[in-house]
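Note that the protein sequences, when read in sequence, are chains A and B. Going by numbering that gives the first Met the number 0, the first sequence opens with residue 0, and the numbers climb by one from there. Going by numbering that gives the first Met the number 0, the second sequence opens with residue 0, and the numbers climb by one from there.
Simulated crosslink set (DSSO-like; lysine-lysine; CA at most 30 Å straight-line):
hint: 1; chain 1: B; residue 1: Lys62; chain 2: A; residue 2: Lys34
hint: 2; chain 1: A; residue 1: Lys142; chain 2: B; residue 2: Lys68
hint: 3; chain 1: A; residue 1: Lys190; chain 2: B; residue 2: Lys75
hint: 4; chain 1: B; residue 1: Lys75; chain 2: A; residue 2: Lys150
hint: 5; chain 1: A; residue 1: Lys170; chain 2: A; residue 2: Lys149
hint: 6; chain 1: B; residue 1: Lys117; chain 2: A; residue 2: Lys99
hint: 7; chain 1: B; residue 1: Lys107; chain 2: A; residue 2: Lys69
Just so you know, these hints were derived from the structure itself, not from any lab.
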Amino acid sequence: MNMTDLSYIHLSVVEFRYFDLRTLQEAQAVAEQAKLDLTDLNSSVQSLYLSQDMGDHEVRLVELDSSMVKHLEAGNSLMVRGDKADMAVVCTDDSTFELKSTQTTNSLLLLPDCRAPEQLVGGDGCLLHKEVYCISHLYLELKQCRPKLKKLQTLLQENVFTGPEYESDEKHTGKKYTTTDLLSLIQASEKELLQELRKLHAVHYDGYWRLVDFDYMGNVLQYIMDTVDCQSWSYDQIPTDKLLSMEDNVYPRVVLQHCLDCYGDRKTMELDGGSEEVHVLSEDKVCRYFAEYLLKGVGKFNLAEFLQTWKESVPVGMTTDLQQLEGVALIDKKSHPQVISHFPVTGLPEDAPDRFNRLFRTREKWTLEDITPYIRDLCERKQTVGSLLTKFARASTLPDGTKVYNSRVPIK
Amino acid sequence: MVQFAIRMPQTEGGCPEWTMVELQGELETRDSSGLPGNRLGDLHFTKGGQPIVLIGHHVLHGKVVELEKPFAVLVKEKKKDNKDDSTDSMDTGDSAEDSEKCSDYLVKAVIRNKLVFKNRPRPIINLPHKKGL
Numbered sequence: 000m001n002m003t004d005l006s007y008i009h010l011s012v013v014e015f016r017y018f019d020l021r022t023l024q025e026a027q028a029v030a031e032q033a034k035l036d037l038t039d040l041n042s043s044v045q046s047l048y049l050s051q052d053m054g055d056h057e058v059r060l061v062e063l064d065s066s067m068v069k070h071l072e073a074g075n076s077l078m079v080r081g082d083k084a085d086m087a088v089v090c091t092d093d094s095t096f097e098l099k100s101t102q103t104t105n106s107l108l109l110l111p112d113c114r115a116p117e118q119l120v121g122g123d124g125c126l127l128h129k130e131v132y133c134i135s136h137l138y139l140e141l142k143q144c145r146p147k148l149k150k151l152q153t154l155l156q157e158n159v160f161t162g163p164e165y166e167s168d169e170k171h172t173g174k175k176y177t178t179t180d181l182l183s184l185i186q187a188s189e190k191e192l193l194q195e196l197r198k199l200h201a202v203h204y205d206g207y208w209r210l211v212d213f214d215y216m217g218n219v220l221q222y223i224m225d226t227v228d229c230q231s232w233s234y235d236q237i238p239t240d241k242l243l244s245m246e247d248n249v250y251p252r253v254v255l256q257h258c259l260d261c262y263g264d265r266k267t268m269e270l271d272g273g274s275e276e277v278h279v280l281s282e283d284k285v286c287r288y289f290a291e292y293l294l295k296g297v298g299k300f301n302l303a304e305f306l307q308t309w310k311e312s313v314p315v316g317m318t319t320d321l322q323q324l325e326g327v328a329l330i331d332k333k334s335h336p337q338v339i340s341h342f343p344v345t346g347l348p349e350d351a352p353d354r355f356n357r358l359f360r361t362r363e364k365w366t367l368e369d370i371t372p373y374i375r376d377l378c379e380r381k382q383t384v385g386s387l388l389t390k391f392a393r394a395s396t397l398p399d400g401t402k403v404y405n406s407r408v409p410i411k
Numbered sequence: 000m001v002q003f004a005i006r007m008p009q010t011e012g013g014c015p016e017w018t019m020v021e022l023q024g025e026l027e028t029r030d031s032s033g034l035p036g037n038r039l040g041d042l043h044f045t046k047g048g049q050p051i052v053l054i055g056h057h058v059l060h061g062k063v064v065e066l067e068k069p070f071a072v073l074v075k076e077k078k079k080d081n082k083d084d085s086t087d088s089m090d091t092g093d094s095a096e097d098s099e100k101c102s103d104y105l106v107k108a109v110i111r112n113k114l115v116f117k118n119r120p121r122p123i124i125n126l127p128h129k130k131g132l
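Okay, chain B solo, but in the shape it has when bound (with noise of 0.2 Å):
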């Protein structure tokens, strides 16, 4: 059996809080050039709280929501003797027949808001495109 912790270390200042945004569906660049590094896109507040985001040619209006079951960012803790470890265990099902001990998962943050955007994004129009700048 796999056995291993999940911690949260104990930093002065507590635990970090991200925040979460939810998108319907998924991101894509319209060449090839992949996600990372790129601009994502604008967002909003409005006065009264309500959370606008401007992304590519599109408009999309959501809530702030309060989390029922707050979220654990989780990352896995780097073993002291490097040793490659390959396996993820909170995937698979291991194949040792004694109890096996893995890596802990860390707590890097706990989220309990999210930022939701379900409503059918709108188009902007004649959204002028600067090349270069």
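Next up, chain A with everything else stripped away, as it sits in the complex (with noise of 0.2 Å):
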């Protein structure tokens, strides 16, 4: 916007009363007077009057997407949300927007009834008195971005589920959240929300989100290892109901859903005589949880010792693979001998500056390959990881070749 550019409009001062007897000649001689073609003019003029409690008429303008309006002409709600630390954001169902206000040395006029061209009376015409409602210099603009989340980890850390029999013990005191009262405490929509507190494991018990002890989630799952074993049936196809339904099953038919949920996959399968669910053990998924099991609390392992007892503690028929590591473990390859560690994505801020500076932190420079599962969560909508790195990284070459990224500012 160029400042020079600004015209500023000066009112006459007018003498005449509110809404005064304006005809539509007088109106037609100014039109003259300006040199107007009247000619190529419809031949109805709207007079703009600003109203007299103008300044009583307190709006804000939002600019939204039409599936915005439509969600809001359907009756629906959208909800903003404002954390004491942060700007506030809109959410719809499913989306999350950051609330914007912008200003504008513009004058922006809001008139309830103003006609448009084709919605003028022909013939002779006439003149209508319109009003002007307020004018703004302001208007808030939403940008759709990722939800916060991150408070949701710390939220749940108040009260771990580690079995019903431990709910009333003195460990057990922290507040428990529903899905009514994370959505009025977390900066997200509701299906980013359920999103997320699927990718933490959490379990819905009793009308609450509980993060579930890494442990004990555990053991749940060796149970059902076992189980399958112990009734010969197969990893790739678990009887749901069967397993959940069996009388002398040492854990509540809640958590051995979930662990299934977690560690599984559901299929229908056609059998004779109808369709049945199972329950496909993700063979990822299982070999991660042992990793971490290993992996957790130890700092550094030897490398050639974790991959054999890592191969070593997974269930009969299932393979280890480095992959199913990416984002959970980080491994040093330049020390001798090779570590590797437990490095959870989860548990990195979630501020993309933040988080460039914890990894720049631990390691110095680092390969694309590397990185990409520990800043892939940040790309907002359209953001690529490599838009990412172009932001906050600098790339370099090693002597032997291989491109590595290292901070761009200095690391605090």
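Both chains are sitting in their own frames, so use the hints and assemble them into the complex.
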């Protein structure tokens, strides 16, 4: 906006009464004075008045996209959620948008009843009085963004589920949260919230969302696998209902179902006599669990030893692969011997500059292959890993020809 | 955290559609009478649908623009208990620890078109200055 181009329009003092007896002829006379070609004009004129109580009309202008307008027209709401530290966001059912206030030097006049040219009466025409409701220099824009979900982990860590028998003990007096509770505290849409809860393996127990203790989850998983072995079922075809309905199950149905969903996929099998719901245990997810079990709390693990131990710990028939540990563990190939350590992406900051700072503090130079699993989730809509790296990192080439990335800014 | 809704009251006939007129710069009165209550000017349309506005001693030629993203005109819903709601939830970060319920905002109207006047205004010469009437 070029400030020198501003044209200040001086409104003549008009001593007419409000809604004066202005006539069409007067308006046309002024138009003639202004050298407008009356034959090219629509015969009707709208005379604009600034409403008397303009100053009392406090409005907010918000730019919405058409789908949001339709959403509102259907009777739904848009939720605005504001955190004291951050700016406010607007949430639909499935997306989150940053609310940004934009100032303009232009005057935005709002007219409730202005007629479009096609709505003007033909023939001899008439003078219509139209009010300006208010004038604004401010409007709010919406820009789709990643939901702010880090807080969710903090909230759910107040009361982690370790089994029904411990629910009343002194370690479980922390607050518990329902979906509604969470939506009033987290800047995210419902769909995004539920997605994150699934990612964190949170269980919906007794109406509350709970993180499940890692070791407890392992016990449940082991129990499921032992049961499958005992019953001579296959990991690829666990009959869901049969397993959940077994009389002497050591764990609650909800918890078993949750574990099956976290470490397996649902499938409908067509068999003689109808269809059956089964779970297919995921080799990748199960192996990942065992790896994390070994790596947690250990610090650095000798890579060769780890690979051997890991292979031996997973169920028979399952194959381990380092690819399964993307975003979970980091291998230091430069150390002698090579080591591996637990480094889950879920433990890292959600704000991009902070994330990159932590990554570069952990390791000075990263290859694209190594860093991608740790920044992929930072991509806003239409952003790529490449563009993130261009923004937050500096590329260079090592003597051996490898392309690496390091920090652009001093590391904090 | 502050949380409130933006809602569109469901009325017969649907949500009103308003128009926006966008002018460069500020409107001022020559004396200190202030803007409210005054006549602003006349809005003409050419047969081709082009808007022309006469304000004070200026002629402004503009165009009708269909907004890519419509505007919603929001007003704060009045609280039933008439509590003085002095916080403007759209501006401030809240100071309360827990989630706080604020007034909802209602969509008073939707704006899908604007009349934009970007061209340099041309002066009207010899405009007779009427007193009284």
